[in-house]
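*Asks:* Sequence:
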Amino acid sequence: MKQLVRTRIAPSPTGNPHVGTAYMALFNLAFARRNKGSMILRIEDTDRARSTSESESAILDSLRWLGIEWDEGPDKPGKFGPYRQSERLEIHQSIVGRLVEQGDAYPCFCTSERLNQVRKEQIANKETPRYDRHCLNLSKEEIEKKMDRGDPYVIRMKVPQEGECIFTDELRGEVRIDWKQIDHQVLQKSDGYPTYHLANVVDDHMMEISHVIRGEEWISSTPKHILLYQQLGWDAPSFAHLPLLRNPDKSKLSKRKNPTGIFYYRDAGYLPEVMLNYLGMMGYTLPDQREIFSLDELSESFDIKRMSLGGPIFDLAKLKWLNGRYLREKLSEDDVVERLIQWKLNTTKFKNILPHALQRLENFSDFIPLTEFLFNEHPEITLENLIGKLDPGQAAKLLKICEWELEKVKNWHRDEIFCLFQDLAKTEEKKLKEILPLFFQAMSGKSISLPLFDAMSILGPDLVRVRLRKALGLLNSEGVGLSKKGLKVLEKEYQQKYGNRID
RNA sequence: GUCCCGUUCGUCUAGUCAGGUCAGGACACCGGGUUUUCAUCCCGGCAACAGGGGUUCGAAUCCCCUACGGGACGCCA
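Using numbering that gives the first Met the number 0, the letters of the first sequence correspond one by one to residues 0 to 502.
If you're looking for bench data, these hints aren't it; they were derived computationally from the structure.
Built from N, CA and C at the ideal position, the CB exists for glycine as well.
One thing to keep in mind: the hints can contain errors.
Claimed, not checked - DEER-style ranges, computed between Cβ atoms:
(1) 160 - 216: 19 to 27 Å
(2) 132 - 53: 38 to 46 Å
(3) 384 - 52: 35 to 43 Å
(4) 216 - 165: 51 to 59 Å
(5) 329 - 500: 35 to 43 Å
(6) 141 - 247: 51 to 59 Å
(7) 309 - 234: 48 to 56 Å
(8) 216 - 338: 29 to 37 Å
What the hints assert, rightly or not - Capping the alpha-carbon separation at 30 Å, the derived lysine-lysine pairs in BS3-like fashion look like this:
(9) 469 - 409
(10) 484 - 388
(11) 256 - 157
(12) 350 - 317
(13) 304 - 407
(14) 75 - 119
(15) 432 - 409
(16) 256 - 484
(17) 249 - 491
(18) 319 - 388
(19) 407 - 425
(20) 256 - 409
(21) 249 - 487
(22) 430 - 484
Could you put the whole structure together from the sequences, leaning on the hints where they help?
*Replies:* And the structure:
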């Protein structure tokens, strides 16, 4: 009797929906459909500090926009819920309790300061950073004493000292990793929430996931997961690790180097079915090698063994070409009109824009030139206009700081952006008026345009980030940007003045 | 640094499992044609089996080593 195929995607709601998530979702879905199984969407929100419900709904929206459908999820109750890990806390804690009782896990009272110190020393001694098992052999009395005192603690897993973990990756075959390489991973944090490793094993088991299809980045922690399955007496699912999408420099796709937000592509005017089609040709070809295909066509013949394992570079040029082909081959003219309206040429969007444009209009024909940059993926900018009266180095610095600061914006609204610029000007000891032309240019390529903060809020974080980066790129290519050294210096300075970066 | 994974045109890839066609297609690029411009479209061109050893009559394909690239090494996922 063949086991029912159940796959899952497990995004963590900690930021902008990422094309990598869509990439994994696509193949999980294709695999599930091909095998008449189901795909589950599970929200991995065990990081209480970073998870937000805005991000969660953004992820759901972005996947829906792409046409990715799940059979069970937080919005689609099924037999195996809840589908949000934060709502499964009791389950996770009881399993952790069981592991402790069995002697497969133990409490650890080490402070993060101590851990950092140990890690530092290990790196200095050229050792592999790893938990030194300081708390492994605490006596019952000691543990009780510390707990009674209310000392914060985590629960760590116990890992064999000898031998190796051997598991089969569906795509790569046998993988062997020495248990010595595996750290005594934290299973439960001091706030009582499980870590990914614990929660994902427990939930995959309880949700009867048959195939774990995830990114290559997880290979090295798979032994931890296998061990947990063993300790809990559960059968492990099959594992298939897909290659990671890459930047043009071959590093793992990151928003610092590439637009990685799903909404970037939506807002820049790409069709969702093109995104899926394009993602589908990253690491995969249909047996007949056709290049234009729908999700259904992909699913119909999908064979995971056909995945190629080299990390594919996400190439905007080919994506653009593909989108062009859909526009002129797959859609009728009526369709295109309809989709164009859906995109930005609609009343809602115009109503959004008009208040900021109205004072600057004399007749209708002013509207398009004035707002053109809101509809343009890449407005043209020139070095001279960009810099204006600023010193080029200063301009580069401001753009970079702004890019970093913008990452901290929680609610992408005019007012918050305004505050950010006020602080920026103050901290850099400039008048707001002095620094704004730079950003007008970076956003619109013009000096006559809409109010900056409103324009930025309409553009959204993804398009804004790319524009800032493009301006920075222009400075660099003209040899007046930030050098590598300059960037390092700036980073330090930034940290002092603005605090840590997040990205 | 340690471990793991990977490597076919600049890019996405076919071919690898079952060794035997000048290594095929697509993007990009270059050239030509159609088009009042541009784009589309059509035709053509450039361009790769990372390197070295084996096994074999024969290796992109099987084995080993090296190099290079990537990933992991968090109370992130």
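*Asks:* Now tell me, hint by hint, if it's right for this structure.
*Replies:* Status of the hints after comparison with the structure:
no., hint, in the structure
1, 160 - 216: 19 to 27 Å, "holds, 26 Å"
2, 132 - 53: 38 to 46 Å, "holds, 40 Å"
3, 384 - 52: 35 to 43 Å, "holds, 41 Å"
4, 216 - 165: 51 to 59 Å, "violated, 20 Å"
5, 329 - 500: 35 to 43 Å, "holds, 42 Å"
6, 141 - 247: 51 to 59 Å, "holds, 54 Å"
7, 309 - 234: 48 to 56 Å, "violated, 31 Å"
8, 216 - 338: 29 to 37 Å, "holds, 35 Å"
9, 469 - 409, "holds, 23 Å"
10, 484 - 388, "holds, 24 Å"
11, 256 - 157, "violated, 39 Å"
12, 350 - 317, "violated, 34 Å"
13, 304 - 407, "violated, 41 Å"
14, 75 - 119, "violated, 46 Å"
15, 432 - 409, "holds, 25 Å"
16, 256 - 484, "holds, 18 Å"
17, 249 - 491, "holds, 27 Å"
18, 319 - 388, "violated, 36 Å"
19, 407 - 425, "holds, 17 Å"
20, 256 - 409, "holds, 21 Å"
21, 249 - 487, "holds, 22 Å"
22, 430 - 484, "holds, 27 Å"
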